[in-house]
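Undergrad: Construct the entire structure; sequences and hints are all you get.
Heads up: the sequence shown begins at 723 in the working numbering, then just goes up one per residue.
Keep in mind the hints are simulated off the structure, nothing from the lab. Be aware that a few hints might be false.
Claimed, not checked - No farther apart than 27 Å at their CA atoms in a straight line, the calculated lysine-lysine pairs in the DSSO-like style are these:
no.: 1; residue 1: K868; residue 2: K954
no.: 2; residue 1: K1215; residue 2: K1160
no.: 3; residue 1: K1561; residue 2: K1657
no.: 4; residue 1: K978; residue 2: K1056
no.: 5; residue 1: K1561; residue 2: K1503
no.: 6; residue 1: K1215; residue 2: K1253
no.: 7; residue 1: K1570; residue 2: K1585
no.: 8; residue 1: K1714; residue 2: K1657
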Amino acid sequence: MMRKKSVSASKASLVLFLCQMISALEVPLDSKLLEELSQPPTITQQSPKDYIVDPRENIVIQCEAKGKPPPSFSWTRNGTHFDIDKDAQVTMKPNSGTLVINIMNGGKAEAYEGVYQCTARNERGAAISNNIVIRPSRSPLWTKEKLEPNQVREGDSLVLHCRPPVGLPPPIIFWMDNAFQRLPQSERVSQGLNGDLYFSNVQPEDTREDYICYARFNHTQTIQQKQPISVKVFSTKPVTERQPVLLTPTGSTSTKVELRGNVLLLECIAAGLPTPVIRWIKEGGELPANRTFFENFKKTLKIIDVSEADSGNYKCIARNILGSAHHVISVTVKAAPYWITAPRNLVLSPGEDGTLICRANGNPKPNISWLANGVPIAIAPEDPSRKVDGDTIIFSHVQERSSAVYQCNASNEYGYLLANAFVNVLAEPPRILTSANKLYQVISDSPALLDCAYFGSPKPEIEWFKGVKGSILRGNEYIFHDNGTLEIPVAQKDSTGTYTCVARNELGKIQNEVQLEVKDPTMIIKQPEYKVVQRYGHVSFECIIKHDSTLLPTVIWLKDNDELPDDERFLVGKDNLTIMNVTDRDDGTYTCIVNTTLDSVSASAVLTVVAAPPTPAIIYARPNPPFDLELTGQLERSVELSWIPGDENNSPITNFVIEYEDGLHEPGVWHYQTEVPGTQTTVQLKLSPYVNYSFRVIAVNEIGRSQPSEPSEQYLTKSANPDENPSNVQGIGSEPDNLVITWESLKGFQSNGPGLQYKVSWRQKDVDDEWTSVIVANVSKYIVSGTPTFVPYEIKVQALNDLGYAPEPSEVIGHSGEDLPMVAPGNVQVHVVNSTLAKVHWDPVPLKTVRGHLQGYKVYYWKVQSLSRRSRRHVEKKILTFRGNKTFGMLPGLEPYSSYKLNVRVVNGKGEGPASPDKVFKTPEGVPSSPSFLKITNPTLDSLTLEWGSPTHPNGVLTSYILKFQPINNTHELGPLVEIRIPANESSLILKNLNYSTRYKFYFNAQTSVGSGSQITEEAVTIMDEAGILRPAVGAGKAMASRQVDIATQGWFIGLMCAVALLILILLIVCFIRRNKGGKYPVKEKEDAHADPEIQPMKEDDGTFGEYSDAEDHKPLKKGSRTPSDRTVKKEDSDDSLVDYGEGVNGQFNEDGSFIGQYSGKKEKEPAEGNESSEAPSPVNAMNSFV
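TA: Below is the structure:
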């Protein structure tokens, strides 16, 4: 049984495939043809499916259709016939199916609610419209209710319910106060999608008695108002901070169903203190790029044009410093039906086959049903040529009676689609649509395409003939296209002639003749050739052509594929291009292009410019000045000037510059008149009236300009009316009640005659006033007094002299004086972006109140106080200017955790208008600056005392200090890091249980709720023991740890001790020699002369080691040893020597010979602090035993 079903399905698929291969008859888009052919009705315009109408206006239900013959129209209402003739309030437009229901003359829109459907019918079938649901819009009043005042504790959450009346369509909700000003919204206070107003936490400034919810019904243009809601916030100290709790949606999960193609809106609003921040994620995926938007301070997730791929779980997370809360919304995207393949009109010939295919998709899968002429196909009249197979109707061997309009309905629970597609079976004799005796012209050896557009049903057969009695065209030399076109791939001269197209079917035959002319191709028989020419020579390129005598060619020359330079040196002849005085810039490729109406040919050649062979001893110089200037042909407005050129001085003259002097108006001043090529020695000069002309000529070559020639004779032209009017006419008021008209006066020679004056005219624009005029002397300004403030004026200034007026001047628009703006910008709102940036918005002022040219808006803002210090300081106002008609701006550089005020003023050319009321806003906390100082004192064996100052800029409420420290060993290595959190109200700390004689590095910073600030670093050392306390070496802010050295294990120290022993041995030898020679020898001089840098003088209080004596009685040395009898060395003596040898070591020796100190890179000695002991043993004592 299953196999049998499978075979049947395969056969059906095969039949469907074969039917789809048969293409329907195509009707050419010929307007005349379309007017003559019969066609079933087609709906061209209809009202929307869900049609909400204004109950106060007439209801117009559209239904337009076309067809041949024109269709008639009928309507159903709620599934039954709607007889419009029985209802006096309903009329149908002529030649249309559009209904007009008269509501404005007594009808009630509610009486016409229902489902309407239009049918357009002619003898070929019936098309139907969608089901049009008519519903009048509704804007009901708010139900009266008694609203109790809301008393809320500071920091608690609050929801003000709107609950608007149910309208059609749903109203737009917004909240305002009694002054009709929108209530400001922020991350803390915002309106939900349901219209309720949510407070994440209330603040004292939320106290007010005029929270009013408004509902705007757009269709009826009405606004309904809810009773004002009162909110009173009472304070309790301290305000308890709370972690986030979701106000909406409730619970941990919810579901949402949205339709494909719609906008998905998901909302999460949370309570909490501090105000929670909302974040959105999609579980197991990413939010779609380019279609995701966040609104209402990220409380609303908006995804446009959703599809099934957007289904899934969306999580919103509300978080503040105390914790977080989340909610998961499970989104399912369903789909109303949408087209995959909508049915298309089918035009068939009798006996042909065809298919109508209707494929749609949706979620759930839509049900496909067919109608014929508006009737379900199951009960429609039977048609043996028709077979329905699911979403396809198969037509076989159709006849003219098979013409009909079929409707495909695809529907599921979320909507429906309805499409009309007609089957039009035509029996038409052939028609040829190509114009008779159409002429085709082609070039020999190119393709020729001869059109024969046709139509007929059944589809005609096309045949082509050549000549009046020619035979039918066949063979490989012709190509016959399906649209009737004959193609001759390679047309020859003998292809010229008359061609006849014949179209025939079983209903008739028709023919049409066209003409073909084959022309000779255009050829360049003499092409331009490669040329090399010396600089300043001339060159010629030839381009000789041959063409068909009936075609008119045009020749174009190009240089480097661009137009020839606009230069008189380039001379284009009939068959050539000549370049005179060739320069290096002329190097390049030159192309000759020949165009006719049928073809185009081109040829190119390269020009290379080389330098002329150098000639020894040739001196190039500027040309000598021209001479023998002569004026001839004097007329009122022109004169001819001629001259003789001076010597070129081996460099050709490229051009002559002609200058003139006006001896009447500007004697001694020469002006540029014109210039001509260097080959020209005469010029026709245009002159102005009432000018006493003199001319001179300057020759120019590549070296430079010659001296001017001697002036020509003078020529005084006759006076005349001015030819031009003043330029740059402006009207700008300097005071609110005047208009200052200015212009640029004419120059002397522009006056054209004596007595130059100006006629100044003005009138107020857009007012039917007459022109007011005044004639003024040769000045450039006139002031009109008593004008209204900032009013546009039409202005014109006309020149005149003793002979008459200049031509009528053009009008310009000016404005009378500006005055200060009258009003301040309103609805100033501030949105704090972050701790240092805010965005301010305002409503623009009406342009009429600006009373001048709007230049922009100025925002004045200043810091009132720091919220962390509560201390006022000098108020420094800052100003930001925003050009043009902007309504917002950014305020950068704000200080965190501070209270600011601002106002906005409009600015025009006169100045600033009044300020808006001061707007107070606060910046949130930021991270603090570093602590002002860090001191480390009172070192002991195992402890250090730290003292610090609070940050100069706390930028918020300090929550704690963070102290980190770690030891540093002898090789720069840092030990483990220890971190301690210290309360914000502490300013000192004693660190205990530290290692003795150890260097530590400290990192210290402050914190606010936002985060940690920058840190400062210090270093300090615990002391050796109670007998020898060292000053901690404090290196403020050192980036590199200092070195702690165990001297007893260092090689340099061992070497130092050896050098000291050697020094003492040398001293003994010197003493021995001195005793033998007698006299005194200063040890210091001996040591200064010694080359060993390790040997340094050992100083005592008097600065010398001592002097040896060889007294007559050869007594022992007087000062042979400074060692006391107890064999100890005084600390200051040993320190003097060891510090100098120890590269600035600041420290003492331990009992085991080790050394405590640090490398400092200095040679001077630093005194040690603490309790010193004169009995401290020193390694030098061992050396004293050798003395």
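Undergrad: Against this structure, judge whether each hint is valid.
TA: Each hint tested on the structure:
For a cut-off of 27 Å, the pair hint linking K868 to K954 stands: about 17 Å separates their Cα positions. A hinted pair counts as satisfied when its Cα atoms are at most 27 Å apart, and K1215 with K1160 qualifies at roughly 19 Å. A distance of roughly 42 Å separates the Cα atoms of K1561 and K1657; the hinted pair therefore is violated under the 27 Å criterion. Between K978 and K1056 the alpha-carbon distance is near 10 Å, which keeps this suggested pair within the 27 Å criterion.
Restraint check: the Cα-Cα separation between K1561 and K1503 comes to about 46 Å, which exceeds 27 Å; the hinted pair is violated. About 38 Å separates the Cα atoms of K1215 and K1253, which puts this hinted pair outside 27 Å; it is violated. Note on K1570 and K1585: the hinted pairing is violated, with a Cα-Cα distance of about 33 Å set against a maximum of 27 Å. Of the pairs offered as hints, the one joining K1714 and K1657 holds, with about 16 Å between alpha carbons and a cut-off of 27 Å not exceeded.
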